[in-house]
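Asks: Throw the hints in and build the complete structure from the sequences for me.
Those protein sequence lines, which keep their order, are chains A and B.
Start counting at 1 in the first sequence, then tack on 20, and there's your number in our numbering.
Start counting at 1 in the second sequence, then tack on 20, and there's your number in our numbering.
Among these hints, one or two may not hold up.
Said to hold, decoys possible - If you anchor each label on the Cβ, the simulated ranges turn out as follows:
#: 1; chain 1: A; residue 1: 21; chain 2: B; residue 2: 300; range: 28 to 36 Å
#: 2; chain 1: A; residue 1: 400; chain 2: B; residue 2: 71; range: 33 to 41 Å
#: 3; chain 1: B; residue 1: 122; chain 2: A; residue 2: 400; range: 19 to 27 Å
#: 4; chain 1: A; residue 1: 81; chain 2: B; residue 2: 358; range: 27 to 35 Å
#: 5; chain 1: A; residue 1: 371; chain 2: B; residue 2: 131; range: 45 to 53 Å
#: 6; chain 1: B; residue 1: 97; chain 2: A; residue 2: 192; range: 54 to 62 Å
#: 7; chain 1: A; residue 1: 400; chain 2: B; residue 2: 197; range: 25 to 33 Å
#: 8; chain 1: A; residue 1: 21; chain 2: B; residue 2: 295; range: 24 to 32 Å
In short, the hints are calculated from the structure, not lab data.
Where a beta carbon is used, it is the ideal one built from N, C-alpha and C, also for glycine.
Protein chains: 2
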Amino acid sequence: MQRILSAQLPAHVGATVRIAGWTHRRRLLKSVAFLIVRDAAGTAQVVVTDPAVRAAVEALAEETVVEVVGTVTANPTAPAGVELTDPTVRPLGPPAVPPPFDLFRPTLSATLPTQLDHAPVALRHPRRSAALRVAAAAVAGFRATLDARGFVEVHTPKIVGSSTESGANVFALDYFGRPAYLAQSPQFYKQLLVGVLERVYEVGPVFRAEPHDTARHLAQYTSLDAELGFVTDHRDVMTVLRDTLAGLLDTVADRAGPALTLLDAAVPPVPAEIPAVHFTEALAIAGAPADEPDLAPAHERALGEWARREHGSDFLFVTGYPMAKRPFYTHPDPARPAYSNGFDLLFRGVELVTGGQRLHRHADYLAALAERGEPVEPYADYVDAFRHGMPPHGGFAIGLERLVARLVGAANVREVTAFPRDLHRLTP
Amino acid sequence: MQRILSAQLPAHVGATVRIAGWTHRRRLLKSVAFLIVRDAAGTAQVVVTDPAVRAAVEALAEETVVEVVGTVTANPTAPAGVELTDPTVRPLGPPAVPPPFDLFRPTLSATLPTQLDHAPVALRHPRRSAALRVAAAAVAGFRATLDARGFVEVHTPKIVGSSTESGANVFALDYFGRPAYLAQSPQFYKQLLVGVLERVYEVGPVFRAEPHDTARHLAQYTSLDAELGFVTDHRDVMTVLRDTLAGLLDTVADRAGPALTLLDAAVPPVPAEIPAVHFTEALAIAGAPADEPDLAPAHERALGEWARREHGSDFLFVTGYPMAKRPFYTHPDPARPAYSNGFDLLFRGVELVTGGQRLHRHADYLAALAERGEPVEPYADYVDAFRHGMPPHGGFAIGLERLVARLVGAANVREVTAFPRDLHRLTP
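Replies: This is how it looks when you write it as structure tokens:
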């Protein structure tokens, strides 16, 4: 008899079926016992009246893996309107030890550090696993949207020879006796691959030796990176980003609907055209002094409220950040060179995506590095490629864990990461 | 005027269009000049007769990025039957420096080390970029097949606290002052996540500090990992692997057809049921002594010939490898405990995939480690999870670069890797 999933039970009323999963909860009443079995699709209620079966169920701790053969019986008061009656219950392994916290309650009562210490068990809670399903759907939507637009997926080195992008916050490692570093982003490689494939994306781990112990920093996170050539300027990148976000969110709604429901979450609509304000306007809207070089979190919140009020949008582009605050490869606004063709996308008043147009002329790279007093040598492989013809291009990067945390309303990115890595945490 | 790609030209005969790309080749004849422009879709021939335009083209080195506006004109002798006439040519950047080797010849004449030193340029050669497209399609097919079978994509830590799987060949790093290591595989995490999501897969980098300088070893490669719970034994895993390979190869044929053609490659058919032989039979078929503990490359080649001859199959499963040669988490064959429920999949006589059923009982892990004289402590987080109920499960891992190299007939995995990392190579 083929195993079926709990969610398939309503289609089998009257039939004898086989299910399997984890002992999620047992309720041992006087005349009847209920065994709740959890599987990948949800839970199933098993009604036990036979004394021998009851004795077997009593001996199984929560989380024991079991197989149940029984009759699917309609019962309007049971979850999903069906339950399994007249069951046989067979453990698929020895009895489990009880979990360190109750998994059957609507939310985990254990503190986040305790959950993280016991991640293999904590992730089994339906709210924790639902977030992993939302993440998987988000990544699938990211790829599908870009695939449909001629992007090619690439895989780039995570071990690099020089600590480039920011210098600080890199993990150093011993590479066959030589110093090496973990890549903080695929930025340079995705640009080089624009010279090969025109449009590329990568979904992969990036590493930041973040000394910050906050709710939104991880030492390893999953970066959704895209880069495209033959753009006019950053606005072409913003168009692709808008479509990518819309496709990503549609896929989350399509593929992770039950997970969203369980988390009381819904995907926000993405306007056909996301409102955009220049950095200088953004300062004025936020009531910040005109000479501020960057937006503070309070400014971003004010902008989020403004976008909702004025445009009915959860999303807002801020363009033209000052060059001084953007990385050296950022393309300036030709009309106002102190401002960049870089942008941030705010979601409900918090930065969600960073992107922009990049420099594409070799001489511009040399000038940009010289202006910042940085040597060319650590960037030589990267900068040299621009001598061989690169089109105007740009791109963006989305941090998967932050995106998912925002979507599902998690206060801490660790709640939506299977096995987070941070300043203090290297296990499990 | 919207830019179109070279492959779209035949649909626009008679129209004025805009294309853009790289100066792939110039042929400067007496009365006419030909400019071959390469873009993401292929190449386009531009016919230049106007002296001013010719002078501009003469000034552009190969690889300069250009935009061409011209009339699409049918010409049966031109590639794809069309060419652009009466063009204007505008560089999108300054002239490039000539590439270190000719990109317009059918194959790159530069040695592989030279190509790798100049990877951002070498990858522009159509044969090199075609391999990247095959890899992208393979990964897409892997995911699509597993998505359709209820697998959930996961992202696991690449920085781990103990050098587990094999002990040797790990990269050590400084993690906020503590020793840590780069993960050699997501093996333990994917198993733990079977306890959460039942069926999971991951596509991500794995790291091996391989002291071997061979045509098939990389220090970082892309591993396609899958793991599934509630199996009867390894044969359920083999069924999923068979379907995954078939779906992967179908997607390569669908999405990377032109790339395969360019590489003179074709995807092999996957039999509805891949022939399988037990390790003991395999030794006999290969003419090896019955007490050999493993298959040597020559044995694998003999088995590949046998599978082709006897079953008309490029693929052959070898099951039941001796336990002594498999990792400690391998499930033994209950009927013959010296042999495992592990398998290899050979493709044309070379190992392509390794997989098998894993242990799922806590006591079995303790016994397996004790038998090998290994301490439990480094594996504590992993082993402890099996106290909380894990179903019978198994999985497999496919090395992307080796798979693609085999598919396209590349002698060295570095030919199909954008920026390989090995014993000697840390850049670009």
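Asks: For each hint, tell me whether it holds in the structure or not.
Replies: Okay, the hints, checked on the actual structure:
no.: 1; hint: A:21 x B:300: 28 to 36 Å; in the structure: holds (33 Å)
no.: 2; hint: A:400 x B:71: 33 to 41 Å; in the structure: holds (40 Å)
no.: 3; hint: B:122 x A:400: 19 to 27 Å; in the structure: holds (23 Å)
no.: 4; hint: A:81 x B:358: 27 to 35 Å; in the structure: holds (33 Å)
no.: 5; hint: A:371 x B:131: 45 to 53 Å; in the structure: holds (46 Å)
no.: 6; hint: B:97 x A:192: 54 to 62 Å; in the structure: holds (58 Å)
no.: 7; hint: A:400 x B:197: 25 to 33 Å; in the structure: holds (31 Å)
no.: 8; hint: A:21 x B:295: 24 to 32 Å; in the structure: holds (28 Å)
In terms of the numbered hints stated before, the structure departs from none.
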